[in-house]
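Peer 1: In order, the protein sequences belong to chains A and B. Going letter by letter, the first sequence gives residues 370 to 555 in the numbering used here. Going letter by letter, the second sequence gives residues 284 to 488 in the numbering used here.
For the record, the hints were derived by calculation from the structure and aren't laboratory data. Hints are supplied without guarantee of correctness; some may be wrong.
Stated by the list, open to error - Example chain B residues on the side facing chain A (calculated, C-beta under 7 Å, incomplete):
#, residue
1, E375
2, H378
3, T414
4, S488
Ideal Cβ placement from N, Cα and C applies to all residues, glycine included.
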Amino acid sequence: MKTYLRLAVLAGFVAGCSSAPLRSPEQRRELAKAAIMNWYTFSQVSALKLIAEYGPPDRIESSQLVWINQGPWEITSVWDTQPNDDTTLGPENLEQTVAYPVTTEQREKLQAFSDKIHVNGAGTEMSSRYSSEELNFLALNLADQVVKGMRDPADARGFFDLTLQLGAAGRTSTYTQGLLFDGKTP
Amino acid sequence: MKLLPTTILGLSLFTLLSASAQPLEPGRLFSMGFPSALSKQEFQSLLQRFVNDKYQKSFRTLGDENDFDHGHFLFSAQAPQRPVAILYHTQELTHDASMDPAARNWIQWVDGGNVENAVRYERREYPHTATWDWFIARELPALRARHTILDKMLDPALLGTDVSDSRQWVFTRVECGGAPPAPGSNLIEITLPSGPSVCLALGQS
C-alpha cells in the first residue's frame with residue numbers, strides 16, 4: 370500500500386504538482402518521505418528529524434518541506450542543498466520564523482549582528498537561517514537581546530561564536546535549547 | 284598554557300558570569316534546582332576528590348570556562364532525586380601540549396566518588412532513529428574533533444544504568460574574601476593540591 374502511495378506521490382511530482390492537496394497526516398508523511406528520497410544525506414537527515422519532531426509537513430515540494438505553527442515557530446522550512454566545506458556548521462538549509470515586531474532602527478542593528486537573521490518587509494516577523502534548530506534558537510535569542518539593547522551586535526556575534534565552541538567542548542547553553550522570549554511581545 | 288585565539292571572547296563571558304555569580308541567600312540553591320538528595324557538602328567533597336586526582340593532569344584552572352567549570356549530574360529513572368554520577372568536561376577551550384587532549388571527559392560516581400575516564404563508557408553503536416541519525420551526521424563529527432563525550436554518548440549498558448535526565452551545573456570562580464562559604468549559600472570552597480583555596484559559585488548556566 371505504501372509503495373502505491375509513494376508511486377502516486379512521485380507521479381504527482383512528475384505531473385508538475387508542486388504542492389499536492391493531500392490531507393491526511395499519513396498521506397503527507399509518505400509524500401514528504403518520497404520528496405526527500407533523493408536529497409543530499411545532509412539535508413535528508415534534517416528533514417527526517419523535523420518530521421519526527423513536528424509530524425508531517427504542511428507543505429511539500431520536491432526540494433522543500435514547510436511546517437506551519439509547529440513548536441515555537443510560525444514557519445519552519447527545510448530544503449535540499451549541497452553540502453559545502455565552507456563551514457563546520459554545515460549548509461544553512463533550515464529557516465525558522467517567529468512573530469516579532471521590528472522597527473527600522475532595530476532592523477539595522479540586526480543586520481549588523483548577523484546576515485542570517487531576516488525581518489520581513491512589514492517588520493512583523495523575524496527569521497533565522499542556520500543548519501540546525503539549536504543554532505536558530507541561539508541566533509534569535511541573541512537577536513532579541515540586540516533589539517532590546519541588552520547586547521550590541523559585536524557582543525552578540527562574540528557570544529554566538531563562544532557558545533558554539535563551548536558546545537563542541539561539552540557545555541550546554543539555555544540559548545540553544547529554546548526561545549528565551551515571547552515572540553509576540555519583545 | 285596556550286589558549287585559543289577566541290579565549291578573548293571566553294574571558295569576556297567569564298567576566299560576565301563572575302560578575303553575576305554573587306552568593307545567594309541561604310536555601311536558594313535547592314530552589315534553583317540543585318538535586319535535593321545531594322547536599323552541597325557532598326558535592327564539594329566529590330569535586331574536591333576530583334580536583335585532587337586531576338589537577339594539573341586534566342585541567343589547570345578551576346572555575347574558568349576556558350578550562351574547567353562545569354559538570355553534568357546524571358540521573359537514573361530509578362532514583363530521580365539523587366544523581367548516580369557526574370560527567371565532567373575539562374580543557375574546554377584550552378590546548379596544552381603537556382595534557383592529553385583525549386583526557387577531557389570524566390565520570391565520577393556519586394556513591395564512592397571514584398573517577399574514571401568516560402571514554403570507557405562511550406557508545407560503540409548508536410540507535411537508528413531520525414533524531415540519532417541527525418546527531419550522528421550533524422553533531423558527532425564536531426564533538427569527536429574536540430574529543431568530547433556528551434551524556435547522550437554514554438552507553439547505558441556499559442554504565443549499568445539508563446540515564447533518564449541530565450542537569451548541568453556550573454561552578455564559577457568568585458572572590459569570597461577569605462570567609463568560609465555560608466552553609467545555605469551557593470558557594471563552595473575547594474583546596475587546590477598546590478595549596479590555595481578557590482571559592483566557587485554554583486549555578487545552572
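Peer 1: A separate judgement is required for each hint: does it hold in the structure or not?
Peer 2: Consistency of the hints with the structure:
Taking 7 Å as the C-beta contact cut-off toward chain A, the hint placing E375 of chain B at the interface holds, the least distance being around 4 Å. Interface restraint check: H378 of chain B against chain A, minimum CB-CB distance 11 Å, threshold 7 Å, status violated. Below 7 Å, beta-carbon pairs count as interface contacts, and T414 of chain B has one with chain A at about 6 Å; its hint therefore holds. A distance limit of 7 Å between C-beta atoms decides the matter here; for S488 of chain B the minimum to chain A is near 5 Å, and the interface restraint holds.
In this structure, only the earlier hint numbered 2 is contradicted, and the remaining ones agree with it.
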